[in-house]
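*Asks:* Sequence:
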Amino acid sequence: MSLRLARTAVLALLLAATTAASLSPTPAVAEGPTDRGETPFWAEEFDGAAGARVDPGVWTTKVGNRETQGWWNNERQYYTDYRGNSALNGAGSLDITARRAVRDSRHPCWPSGSCDYTSARLTTEGRVALGWGRIDVRAKLPTGRGLLPAIWMLGETEEIWPAQGEIDIAEVVGHEPRTAYGTAHGPGYSGPDGIGHAVDLGAPASSDYHVYSVVKEPYRIHWLVDGRPVYTLTPEMLPAGSLWVYERGMHLLLNVAVGGDWPGDPDRRTRFPATMSVDYVRMYGTGWIDGQMVHSPS
Numbered sequence: 001m002s003l004r005l006a007r008t009a010v011l012a013l014l015l016a017a018t019t020a021a022s023l024s025p026t027p028a029v030a031e032g033p034t035d036r037g038e039t040p041f042w043a044e045e046f047d048g049a050a051g052a053r054v055d056p057g058v059w060t061t062k063v064g065n066r067e068t069q070g071w072w073n074n075e076r077q078y079y080t081d082y083r084g085n086s087a088l089n090g091a092g093s094l095d096i097t098a099r100r101a102v103r104d105s106r107h108p109c110w111p112s113g114s115c116d117y118t119s120a121r122l123t124t125e126g127r128v129a130l131g132w133g134r135i136d137v138r139a140k141l142p143t144g145r146g147l148l149p150a151i152w153m154l155g156e157t158e159e160i161w162p163a164q165g166e167i168d169i170a171e172v173v174g175h176e177p178r179t180a181y182g183t184a185h186g187p188g189y190s191g192p193d194g195i196g197h198a199v200d201l202g203a204p205a206s207s208d209y210h211v212y213s214v215v216k217e218p219y220r221i222h223w224l225v226d227g228r229p230v231y232t233l234t235p236e237m238l239p240a241g242s243l244w245v246y247e248r249g250m251h252l253l254l255n256v257a258v259g260g261d262w263p264g265d266p267d268r269r270t271r272f273p274a275t276m277s278v279d280y281v282r283m284y285g286t287g288w289i290d291g292q293m294v295h296s297p298s
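Quick note, the sequence shown lines up with residues 1 to 298 if you use the numbering used here.
These aren't lab readings, by the way, just hints derived from the structure by calculation. Relax, there's no trap hidden among the hints.
Lysine to any residue pairs mimicking SDA-like chemistry, simulated, CA-CA at most 20 Å apart: (1) K140 <-> G51; (2) K62 <-> Y82; (3) K140 <-> G202; (4) K140 <-> L201.
Estimated spans, in silico, between C-beta atoms of each pair: (5) G126 <-> Y209: 27 to 33 Å; (6) A50 <-> I289: 26 to 32 Å; (7) A163 <-> G92: 35 to 41 Å; (8) R53 <-> T179: 27 to 33 Å.
We treat Cβ as the ideally placed atom computed from N, Cα and C, and that holds for glycine.
Could you build all of it, start to finish, from the sequences and the hints given here?
*Replies:* This is how it looks when you write it as C-alpha cells:
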C-alpha cells in the first residue's frame with residue numbers, strides 16, 4: 001500500500017505506546033453506531049453485470065507507479081484503469097486483481113524499467129467520507145508471498161501524510177495468510193511506528209469472506225472483524241507529544257499491492273491472478289457525500 005514503510009514492529013510498538021497527547025475539547029458530534037441493524041447513510045453493493053466498472057461518480061481509479069516512487073513503498077505493481085484489474089464480477093462483488101504484466105507492456109516502474117505486475121487502487125476521495133460512525137467492508141483477500149491487499153482510510157485534507165491521518169481497516173501480508181493487521185498512522189507514529197494490532201482469522205484470508213470494520217467515535221477508534229471487537233485506540237495510547245488526527249472525514253481506499261518494503265517480492269509459489277473480492281461497503285452514522293453532511297436514518 002502507498003504511504004507506508006516496513007511495519008514489522010507494529011505489535012511491539014502497541015505494547016510500548018504510552019503517554020497522552022495534548023487535546024482540544026471534544027467537539028459536539030454524533031457518536032458512532034454499533035447496532036448492525038441501522039440503515040447506512042451510504043452503501044456500495046457492487047451489483048451489476050460482469051465486467052462493468054465501478055461508478056466513476058463515486059470511485060477514482062488511480063494510475064501509475066514511477067511518479068509516486070513505487071507508491072512510497074517501492075512497490076512493483078503498476079496501477080491501471082483496465083477492466084482486467086478492477087471490475088464487477090457479475091456475482092455481487094467487485095474484483096480487484098493483481099496480474100503479471102503483459103510482455104512489453106512498458107508500464108514505468110520505480111526506480112527504473114517496467115513493472116512486472118498490474119493491479120488496481122480505488123478511492124472515494126472527495127466523494128464519500130466517514131465522519132463518526134462505522135464502516136463495514138465484507139471482502140475476501142488474496143494471500144501469497146509478495147501480496148499486500150489493503151482496506152484503509154485517509155483524512156479528507158490537503159495536509160501531507162501522515163498529518164492527514166491514516167486508518168488501516170485491514171491489511172494482509174501475503175506470507176502471513178491467517179493474519180489481518182489494523183493500524184493507525186499519524187504524526188510521530190507512522191510507517192514502522194504505526195500503532196495497531198494483528199488478529200488471527202483462523203484460516204487464510206483468501207479462503208472466505210470476512211467483515212472488516214472500524215468504528216470512529218470522538219477520540220476513540222475501534223477495530224472489529226466479523227462483528228467481534230479486536231482492538232481500541234485512544235489518544236492516551238499515543239507516544240508522548242504525538243497528535244491525534246482523526247476528528248475529520250476520512251475516505252476509503254481499496255487496493256492490492258505487489259512487492260515493496262513490507263511484503264517483499266513474490267516468489268515462484270505466488271499465484272497470479274490474485275484477486276480481492278469486495279462484497280459490499282457500508283457506512284453508518286455521520287459522513288459526507290459530495291461535500292454534504294449526511295446521517296444514517298434513525
